[in-house]
Amino acid sequence: MADATVSIPFRQAAGPEMKYAPSRLKFYIDVKRCIECGGCEVACKNENNVPAGIARIRVVTINEGEPGETNVAVPCMHCSKAPCVAVCPVDALFHRPDGIVALNKETCIGCGYCLYACPFGAPQFPKGAPFGARGVMDKCTYCAGGPEVPFSERERRMYGANRIAEGKLPMCASVCATKALVAGDAEEVANVVRMRVATRGAGGGAWGWDAAYGKGY
Amino acid sequence: MAGLANVFGYGAMTNHQNDIRNSRSIMIIGMNPAENHPISMQHILTAKEVNRAVVISVDPRFTKTSAFANKYVRIRSGTDVPFIYGLIHIILANGWEDKKIIQERTFGFEEFKAEIAKYDPATVADITGCSQADLQWVARALAENRPGTVIWAMGGTQHNHGTALVRTYCHLQLVLGNMGVPGGGTDVFRGHDSIQGVTDIGGGPETLPGYYGIGETAWKHWAKVWDVPYEWLVSRFKNKQMMEKPGFTVARWYEGVLLDSKELGQDVNLKAAFFWGHSTNSMQQMDRVKRALEKLELIVDVDPFVTNTAVLPDRSDGVYLLPAATNYEQWGSSVNTNRDNQYRQRVVEPVWEARTDLAIMVDLAERLGFRKQFTHNMKGGLRGIPADVKTAKSFSEQTMNDVLREINTGALSIGYVGHTPERLKRQQEWAHVFDIRTKKAEGGPVHGESWGLPWPCWTDTHPGTPILYRNDIPAAEGGCGFRAVWGPKAPDGRTMLAADGSAPPGGPNAGYPAQKDYATDLTLGAIKEALAEGRSPYGNGRARFNSWNIPDPVPVHREPIHSPRPDLIVKWPTYDDVKELYRVPTPFKSMQKPEWVKQYPIILTTGRVVELEGGSAQERNSLWLVELNPEMYVEMHPKLVHDHGLRHGDWVWIETPEDMDGKPSRIKVKVKMTKRVGPDTVFLPFHWGGVFEGKSLAHKFPEGNVPYTIGESANTVTTYGYDRVTQMQETKTTLCRIKKA
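One line per chain: the protein sequences are S and U, in this order.
Per the working numbering, the very first residue in the first sequence carries number 1228; after that it's consecutive.
Per the working numbering, the very first residue in the second sequence carries number 229; after that it's consecutive.
These aren't lab readings, by the way, just hints derived from the structure by calculation.
Heads up, a few of these hints could be off.
Stated by the list, open to error - Example chain S residues on the side facing chain U (calculated, C-beta under 8 Å, incomplete):
| # | residue |
| --- | --- |
| 1 | R1260 |
| 2 | I1262 |
| 3 | E1263 |
| 4 | E1268 |
| 5 | K1272 |
| 6 | N1273 |
| 7 | E1291 |
| 8 | E1293 |
| 9 | A1404 |
Said to hold, decoys possible - Across the chosen pairs, the derived CB separations fall in these ranges:
| # | chain 1 | residue 1 | chain 2 | residue 2 | range |
| --- | --- | --- | --- | --- | --- |
| 10 | S | F1378 | U | D871 | 34 to 44 Å |
| 11 | S | R1421 | U | K923 | 38 to 48 Å |
| 12 | U | R595 | S | P1374 | 36 to 46 Å |
| 13 | U | R875 | S | M1422 | 44 to 54 Å |
| 14 | S | F1378 | U | R368 | 52 to 62 Å |
| 15 | U | D421 | S | R1421 | 45 to 55 Å |
| 16 | U | K967 | S | P1294 | 24 to 34 Å |
| 17 | S | G1362 | U | E525 | 54 to 64 Å |
| 18 | U | K923 | S | G1280 | 28 to 38 Å |
| 19 | S | K1332 | U | A500 | 41 to 51 Å |
| 20 | U | K923 | S | K1332 | 42 to 52 Å |
C-beta: ideal position from N, C-alpha, C; glycine also.
Use the sequences and the hints to build the structure in full.
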């Protein structure tokens, strides 16, 4: 009976007394595992009450119906050196201390620079306005609400759920049937990637990792 | 299920989904778990990553599952028997078979071997369309990577010889010696929530709960369990003969309405139909269903949503919608594909006008005058049941548990005994101590139990049987041989008991018949006696290569009723017509016409998509799901699209041959151009409803109840064709032609 499991020593991200590394939240998208069931998309919409036409996470299929068919779930990756944060002219986009790229919808002017800067197509704009007006941007919040009073009705309405403040992971990763989409603290996510690479012998299938977090980060 | 039961003794998945983590090869045939059982994919992918398991996908369509396979083999729809026999042919030719298990634990291998000889690789390649090299590759992969599992679902069963086809999957696993071992088994994935449970409690037309059949012994056994006089039960039927006669099936009940009553197996036509959580758009020949719905005097549709049933018929009265509570609004337990029984807590009270299923049933029993007998086993003077059952929305948790206890008392044949509400609730609390790979608990009050107490779970201390037919552990720990359900000897005198040395340890190491009265002794005395002596209560018998009691004792290939190969219809025809099967005449050969392919040259197959489920009344009412899969379509290969002068997104008419109506059927759908299907086949998802032959039925929904998406039902164009044993519909293979709309 093949019973091989790979153990990686568990390392506390913040060190023994929680005084070293601050937490850093990341996504790991394993394209060797994603089956395009759409669970993440639906769970996200339901949890955050996202209107039709806006996709905070979308599963993209490459070579559909042919050998090599691959699925990629694409949320906002909450990049380390986020291009959207760099180009935003009004600083509506900013990094939280835990690495989440947050958005202030009251500051956003809907210029759309972030849309062109983002390598993942994460920024979403309400569609259908005349004269190409975009409206305020919307994107994945890592289920961390927004810069409002946590759990307030206003936060819920403008940004959706605040699961991070409840001590829970983003809804998309929580429901993933095949554990293709993994969310959590950088160190623990890296452990999962390492474990899968070790098990498979090669290829963590971590799509977008380098673009989002840099090589060797 | 009939296929499995006629080989091994029980009609259920033998291993469990988690156990796939132990497999070294995984053959997925007639099945698309990535869309239909997404959760199971974590086990399949883990086996692939951790064990380096070889994943083989065999299907007419390159599915989302095929994308994860090491090897994809395309075969023509409905040719699984030759494909499997081709594999066995190669395995036997190379001496890769497991001689020990064949000799000690199976029956009829000689006849089987004679049949296999007809399916040499060249013949198989001609019938199935797969290459001989692929066949060789798959046979070698299965032989070199043991234990391996074979997984199938509706792609295996929805054929005119579906039962025979399922038996060949079982035979392949027997030949490879993959039965009764972790990582092996015949893993048929059941489709819906608690569908295994529904089968267990007698959802079929030919059996009472626990697969007792509907003969006098069965009725007397259950009369004892229900504590009602047997004579009273007889008095509820027209006569004893009708009481013991299998009823209509879900596949063809409508013929009971449409045909002349002289042609039926009963005196009168059906006048009323109750649909309880069932959708008519998953039923074949929907044009006939529609006409039957128009002719019925009464239609009742019990569902949380307005289903296709309510809007399909052209009628203005006589349709009653009873809003049912969802699973979140009621207590209960459900049995999943693994035979796991799991407790279910109520989250909220039934909302709005919804009532729980049991409340509706008890009310119905009250109005029909047998509430006293119906609720007899809900102990303590109807404890928890309000006096006025006509308005009760739900009953107490205690009452729901009494229903489970009644099943525990009676369903002894399958060991549905140890699943007391207390044990199930305790497992729910201790879910974290169960191992993901073996499903066994380590420590805590549930120590040693298997998750869900998979049946047979013989007593309230038995741990359950996660892997059936495992003879390397004692019976008291979940070991068992093949079920000795066909007596000690076959009609030709050969033994049906397993050979010496093949019994679960701890008891007599030989074949032995079933314990006397184990299935009818309500005191559990017989079961306990067998277990105390280390024997499995149902005996230690042989699995059958030759099932003498059903058509095609050794399975043979039968071309689909609508076959694209006239030459093969001659050589491998379907069955002779049957005068009466489940109360309706069921023609086979007279419906199989070789000339159909001239007018209808394209193979049509149907299936499911991940966003929607079944008739999809619920999912098509969810905006998020509809957004992901907004409209009905037909999958066509680019060559076929272009040969028809079409483009991606064009509207087309799909037309199929006339069936019993003498009138062709057609639907209007959009083209989805994809290489998932080959150039000879098109694929339709069957979840849509609310449009019939190009006409919208939206105006027929009650106000505010039109789903976010309506569309043509694939089953409007699926044609005649039914399984010879179970009458399962042959929706996976028919013929069609395509015209630009």
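**Q.** Unsatisfied constraints (hint numbers, rising)
**A.** Going through the list in order, the structure violates hints 10, 11, 12, 15, 19 and respects the others.
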